[in-house]
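As given, the protein sequences belong to chains A and B, one line each in that order. Under this note's numbering, the first residue of the first sequence carries the number 1, and numbering increases by one thereafter. Under this note's numbering, the first residue of the second sequence carries the number 1, and numbering increases by one thereafter.
For the record, the hints were derived by calculation from the structure and aren't laboratory data. Quantities reported herein were computed from a predicted structural model and do not represent experimental measurements. Each hint should be verified, as a subset may be incorrect.
Derived CB-CB ranges, DEER-like [unchecked claim]:
1) I308(B) / E280(A): 49 to 59 Å
2) M413(A) / P158(B): 25 to 35 Å
3) I416(A) / E222(B): 40 to 50 Å
4) A207(B) / V431(A): 50 to 60 Å
5) I308(B) / I9(A): 37 to 47 Å
6) Y319(B) / V231(A): 29 to 39 Å
7) I308(B) / D241(A): 29 to 39 Å
For each residue, glycine too, the CB sits at the ideal point set by N, CA and C.
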Amino acid sequence: MLDGFTAEILARVQFAFTISFHIIFPAFSIGLASYLAVLNALWLWKRDETYLNLFNYWKKIFAVAFGMGVVSGIVMSYQIGTNWSVFSDKAGPVVGPLMAYEVLSAFFLEAGFLGIMLFGRKRVGDGLHMFATALVALGTLASATWILSVNSWMQTPAGFSMNDLGQFIPEGWWAIVFNPSFPYRLVHMVLAAYLTTALVVGAVGGLHLLRDQANAAARRMFSMAMWMLVVVTPLQIFAGDLHGLNTLEHQPVKIMAMEGHYDSHPDGAPLILFGIPNAEEKRIDYAVQIPKLSSLILKHDLNAPLDGLDTIPEEDQPPVAIVFWSFRIMIALGFAMLGLGLWAAFARVRGRLYDAPMLHRLALLMGPTGFMAVLAGWITTEVGRQPFTVYGLLRTSDSLAPVAAPAVAASLMAFIVVYFFVFGAGTWYIVSMMRKPVADHVLEDERDIAQGDGPVLAVGEEAAVRNSPKES
Amino acid sequence: MLGLELSFIWAGIIAGAVLIYVILDGFDLGVGLLFPMTKDEGERNVMMNSVAPIWDGNETWLVLGGGGLFAVFPLAYAVVMPALYMPIILMLLGLIFRGVAFEYRWRTKRWKPLWDMAFFGGSLVASFCQGIALGALVQGIEIEGRAYAGGWWDWLTPFSILTGVAVTVGYALLGATWLNMKLEGRIQQHMRRLAWPLALATLVFMALVSLWTPFKDAVYFERWFAWPTSLFSGVVPLLVALAAFGMLRGLQRKGDKQPFFCALALFVLGFIGIGISFYPHIVPPSLTIAEAAAPDESLIFTLVGTLILLPIILTYTAYAYWVFRGKVDPEEGYH
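Chain A on its own, in the form it takes in the complex:
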């Protein structure tokens, strides 16, 4: 079935496939971990049971998403070696330590305290449970920080020299970790994770408001999610713009592909809104464009010259069509999110946030758009830096392991079958949990209510006694 493909193409498809699946889970769990920490803190502070119910509701969803993130992440840490061993040997001295720090400072933190967060409230008490919940959230953010530093270094390498073997030798760790694109990429990704979570929470809130406008938990989560959207989306658009300017400075070829600029524009480049990239003729067919706007956005000057792909050797160009389209999808989704946030803010001002079925339907519809935007953004940045793994220095074709095509093809097929089956099932379970209203969910597990100042305190005390660890 996959005959006729080279090992390189197969290995690239495999990495793209496994990492695309993987990023979905952290994009959700980074935001959700922070949301859970906020919910738990609000519960402890205000003792309003709605917060506790919401915490318990999202906690179970988090557990499933986090589990999928863990197992798909283990694959990533080994796949760099199995399929890209030459890259590992050459770039390992620089990126390896950053990944080791990720494991030491983030993965262990998350894993060590996840059990206490999920199972341990009664065993350790509210205070330590809050501490564990906050550390899990901190762990997800620390993990994002390190891995984005690695990715950014591969995009904008700094702080290294090269030895005779072609290995990258670290010269300054500060320069490596805080390489030129890292701060922009980190902020852009963390905000994306928060938006993704807000959209999912908003969709679930919207769904339950459509069923019952009086549902207190649904109101609370919808309100929180819409606040998040209206505040964070403008920040994200601003951060994205800064990230783009940074890319123009360090990876101008990527910007050329994103903009669809096959030709140089000595006196002001147009902003191409839509069109169909034609790789053979090297032009954008049926382009709908606004003259000089691209120069205005990128250079803040209508007449600033912008180079096009005609100034770049063919073998150093990324595939334009993929980058061009994925970038536009991300932008369009971003503005749709802004629209949803503004509509919700408008409804809130008019006092009709919970009485706006059309708004709730839109929020429900837009539930998955955060994931789509994250994927589109990653495709833009990763395909846009081709044909290099370490930008400008190490080609993708020179990074490959000495693997035989049939071995890669077989493992690729296995990953595709297993991922669709396993993560398809997981997604199904998450969606079924989300379809249940919050109240029902908590009633299933009485002891969780009982554990607070709820109406069944006596039962709670009994359970606490029963659950206290028995020494053998």
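Following the hints, complete the assembly by docking chain B onto the known chain A.
The following block gives chain B in isolation, referenced to the frame of chain A:
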């Protein structure tokens, strides 16, 4: 000189991480291996709940093993991963199935048997592949220049199959003694009974692997039987005998903790035995620890953080185990 010492410190840290992984995930993979031993729903639930709060932390040591190797011995990582391509990929797929089963099986009634199977099957494949990987490393990996030079099936030999079975049986023993410690009632007795044949099988396989290994390579033979290393390699089997005696005695007296900790000791001793054979290589027969090490800058930078973070990690990992100490309550769990 400094670099040489650093690389040896690092070899020790990586070996330590792998050992911690083997004994921690060993018992929780073992719980998966023993899952089909009972059909009772309640018993399966407590079996899984005995490891549910800690399995994720256990598996993180595997990520540290891989990530640490990548960081400080990138050449070893670059050579071993392609050489063990198939067992590694299969192990990862196995870990996926068993990892998601922890949550999935509570989310469905109709498909619960499927995820129970996934928990068992994934644990089996992961355990067996880890054993295969061990055997493939011991029998040696062919290197040319800075890359793996062998074929795609080189890892598959009678010896690696033997180590695959040995590790699987050993993990099942760890699982059985862990469950004996953590559970009560009928299931505990069941696991204690199972621990007997598993213990004997583990000892037989340890003996087989130990006897075969010195004949795989003259270097191993020399290390085990030549003076003065033979002195040390003579001590290890003695300690193995002691640990085995302690375990069987503990099982006989129906002890809770002794069989488990003696089984752990068996694994530690087996690991030390392998370490004696390997040293000073990181990938036998030709790649040494010093050759595979990353430049000093990488070793120092990573070491600073490791020396600070590793004790903290061990502390809160121990705390997490302490929080969930004692027998598993069948009523507990958040599901």
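Checked hints:
Checked against the hint of 49 to 59 Å, the C-beta distance between I308(B) and E280(A) comes to roughly 56 Å, which is consistent with it. About 28 Å separates the C-beta atoms of M413(A) and P158(B), a value consistent with the hinted range of 25 to 35 Å. For I416(A) and E222(B), the hinted distance range of 40 to 50 Å is satisfied, since their beta carbons lie about 48 Å from each other. Take A207(B) and V431(A): their Cβ atoms lie about 52 Å apart, and the range 50 to 60 Å holds.
For I308(B) and I9(A), the hinted distance range of 37 to 47 Å is satisfied, since their beta carbons lie about 43 Å from each other. For the pair Y319(B) and V231(A), the supplied restraint of 29 to 39 Å holds, since their beta-carbon distance comes to about 37 Å. At about 38 Å, the CB distance of I308(B) to D241(A) agrees with the hint of 29 to 39 Å.
Checked against the numbered hints given earlier, the structure satisfies every one of them.
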